[in-house]
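Here the protein sequences line up with chains A and B, keeping their order. According to this note's numbering, the stretch in the first sequence is residues 1 to 450, in order. According to this note's numbering, the stretch in the second sequence is residues 1 to 365, in order.
Derived from the structure by calculation, the hints contain no laboratory data. Everything numeric in this text was worked out from a predicted model, so none of it was measured. Treat the hints loosely; a few may be bogus.
Below 25 Å or equal to it, Euclidean Cα-Cα: the simulated DSS-like pairs (lysine-lysine) are [to be verified]:
| # | chain 1 | residue 1 | chain 2 | residue 2 |
| --- | --- | --- | --- | --- |
| 1 | B | Lys310 | B | Lys349 |
| 2 | B | Lys276 | A | Lys203 |
| 3 | B | Lys281 | A | Lys17 |
| 4 | A | Lys244 | A | Lys203 |
| 5 | B | Lys252 | A | Lys176 |
| 6 | B | Lys349 | B | Lys252 |
Each chain is listed here by its residues.
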Amino acid sequence: MDDKCSQLWQKLSAALKPQVSADTFKRWFSAVELVGATEKTLSFRVPNNIYQYWIESNHMSALQAAVLSAFGEPREIKFICSESPVEDMETIGVSKENDSGRDSKPSAGSSLGLNPRNTFESFVIGPNNEIAHAAALAVAQAPARTYNPLFIYGGVGLGKTHLMQAIGQYVIAKKKNTKVIYLSSELFINEFIDAIQHNNLVKFRKRYRQADLLCIDDIQFLAGKERSQEEFFHTFNTLFDGHKQIVLSCDRPASEIANLEHRLVSRFEWGLTAELQPPAIETRLAILRKKARGMQIKLPDEIFEFLANRIRSNVRRLEGALMRVASFASLSGKQLTREIIEHLLKDILQEEARTSITIEQIQRKVAEHFDVRLADMTSKRRPASIAFPRQVAMYLARELTKSSLNEIGDAFGGRDHGTVLHACKLVKRRMKEQDNIRQTISFIDSSLQR
Amino acid sequence: MKFTATKEKLLEGLQQVQNVVSTRTTLPILSNVLLQAGDGSVHLTTTDLDVGVRGSFEAEVEKDGATTLPARRLFNIVRELPSSEIQIDVDGKNAASIRSGQSFFKILGLPEEEFPPLPKFEDAKVVTIRQKDLRDGLRKTSYAISTDETRYVLNGLLFSLKENKLTLVATDGRRLAMVDIELEIPRSQEADIIVPTKAVTELQRLLSDGGDVKVSVASGQIAFDLNQTLLVSKLIEGNYPNYKQVIPAEAKERVTLERETFLNSLRRVSLLASEKSNSIKLNFSKNNIDITANTPEVGEAKESLPVQYKGRDFSIAFNPEFFMAPLRALTEDEVFLDLIDEMSPGVLKIQTPFLYVLMPMRISS
């Protein structure tokens with residue numbers, strides 16, 4: 001034992017003595033030598049394998065605790081047995097695995113794939129997400145007692161993942177031993193396929209069916225995957241019957257997921273379904289202010305208002321825009337004006353504009369371009385000079401708005417969805433066949449989005 | 001080959017050997033049983049290349065010969081046959097015709113030559129033990145054998161033949177069971193060997209109350225000859241850990257327990273030991289033990305037992321399963337529990353040379 005090791009060992013044994021009985025210390029640890037110490041590992045030499053077996057089986061927690069109190073952080077512990085060198089290699093490998101398993105526990109949150117920033121505290125509440133937030137908080141405070149399953153749905157970037165991860169972290173923080181599993185349905189499917197491939201189904205099932213809280217993100221990806229749906233169905237039932245909390249998120253209501261078995265749909269709708277809507281202007285402002293404070297940047301109020309006004313659809317984009325503005329300000333050092341920002345966020349604003357196009361705008365633009373009356377868009381008359389512009393307008397309405405075929409039909413003077421569908425097909429075909437038509441339509445399209 | 005035997009004899013013979021039959025499908029011959037007829041009896045042999053068993057049963061042999069037949073299938077057929085007389089007739093292509101009353105079966109076997117022979121024992125060390133002693137010894141220790149495959153030297157039972165006694169030791173790192181059997185062992189026959197779990201289990205099934213067993217130890221092999229049956233096994237290579245290190249020196253407190261009463265109490269209380277911590281607590285006070293278990297969010301159990309105890313008050317926790325295993329295996333009415341303090345191992349003893357060391361669990365305060 002060199003000097004450094006013997007010093008460390010003295011420190012460690014002082015910490016270890018109160019942890020074990022005097023007899024245990026004398027019997028097992030007096031013959032132990034510390035032969036190597038690095039930042040991560042401690043190597044102990046023991047006289048023969050019974051020392052290793054017995055210490056590993058019975059005194060590992062005491063030793064780990066002593067290491068923690070002596071050095072302030074956990075280390076990997078290795079045993080070197082002076083008797084039989086061949087076996088050492090194997091058993092060292094084993095103890096390594098065990099230890100790393102143990103070490104990873106304290107930081108459970110991050111290893112689960114939970115982003116530590118996604119907590120309830122950092123979630124901005126507004127009228128659009130009040131219910132979802134309250135439900136998520138209730139679930140986190142009393143898992144499986146209130147709403148089971150909790151089904152959160154809403155468009156992209158509205159906070160589904162944030163809420164789910166907040167639940168996971170809240171539960172772990174409150175009770176360390178709770179088994180929380182958070183993953184996307186895509187990962188679930190991949191692991192399922194993997195388990196089938198390697199004949200590991202039992203392990204796979206054990207992993208998921210013993211969870212206390214199972215959070216599955218983006219459940220819509222289960223659509224069309226029949227075996228995975230079946231597996232998930234049984235997992236769901238096992239957990240539900242065992243009074244374990246299940247939280248699901250989706251980008252649309254359960255009943256609208258195509259190719260999802262009815263028994264799953266009905267189960268998803270069983271507990272509480274909470275919708276996340278795009279935030280209103282006040283909420284958007286609040287989000288921007290909170291975010292700016294978090295990033296420690298200061299911006300004039302009018303810029304906040306400008307961003308909140310122009311970016312309506314999704315929080316992620318809002319944060320991205322704020323980030324871009326903030327980094328531009330700090331890099332260039334220029335005074336921020338409306339024009340600069342507009343230029344800076346050109347692409348985002350254009351994207352935003354696309355979503356806010358209304359059928360009426362399209363009709364007006366198309367009528368103007370083809371020089372027909374706006375009233376012709378909705379009239380029953382159908383000479384070719386009017387019918388074709390009307391069809392173009394329908395096609396654009398289909399492409400640029402989120403309206404359904406029926407809604408578009410209604411907006412065009414109560415036509416049925418078949419008419420709209422026919423119009424879209426026809427325009428598409430003619431666009432393919434005739435270059436000038438394609439150019440015309442793309443011109444109208446781009447002028448609409450400006 | 002052709003012979004006739006009673007159903008009971010045939011079934012008994014097959015039962016002795018069929019557990020060893022290999023489940024490995026890579027070598028089909030290993031799922032077969034070797035039948036050798038001649039001289040008024042039929043010998044049966046099975047092996048999985050690690051452990052092999054050879055037994056026999058009485059039969060009227062009409063034609064000597066040998067073949068191998070699928071063991072599990074033969075056993076299932078014989079078990080179901082209605083009549084007591086069974087005739088087995090094997091043709092030159094190893095197809096066996098089984099006749100019994102109105103039933104007729106034909107099963108296909110493999111040639112005798114393909115069956116791996118059991119190892120020969122030359123220059124072996126030999127000791128003879130009373131079957132009853134060995135069976136008792138195995139029963140008292142075998143439950144403590146480790147099933148952790150990474151510690152392969154612990155996946156078997158230590159047979160230490162030294163200083164005129166056979167010491168059997170099993171441990172899994174949290175508990176240790178040990179028995180001494182007095183035996184005359186010449187210096188030249190002394191040995192330390194590790195017998196794998198499967199051989200121990202089979203041996204326990206074969207040993208009876210009467211007669212002797214001849215144990216032969218050759219390099220890497222052991223054979224137990226029980227007159228009618230023979231069990232051979234490979235040994236686990238390596239050195240068994242120095243188990244003596246585990247046994248605590250002097251005990252501070254000793255309590256005498258009625259084995260069955262205590263076992264029943266433990267079993268009842270352990271119903272409420274949680275799966276996670278899996279511990280029961282023994283709280284000692286003057287002339288009394290309280291056995292308690294509790295699981296948060298489930299409930300708790302408590303049972304009091306009057307005992308002779310005059311030491312200090314203290315509590316110690318154990319894994320209930322590890323505590324009950326030796327109590328089930330023992331037959332004595334009284335057992336002694338030796339304790340030092342709540343962090344040191346407890347030791348179970350009886351009047352005869354037996355020892356069971358059990359590590360306590362940490363009591364979380």
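Verification of the hints:
no. : hint                   : result
1   : B/Lys310 with B/Lys349 : holds (19 Å)
2   : B/Lys276 with A/Lys203 : holds (19 Å)
3   : B/Lys281 with A/Lys17  : holds (24 Å)
4   : A/Lys244 with A/Lys203 : holds (19 Å)
5   : B/Lys252 with A/Lys176 : violated (38 Å)
6   : B/Lys349 with B/Lys252 : holds (14 Å)
Taken one by one, the earlier hints fail for this structure only at number 5.
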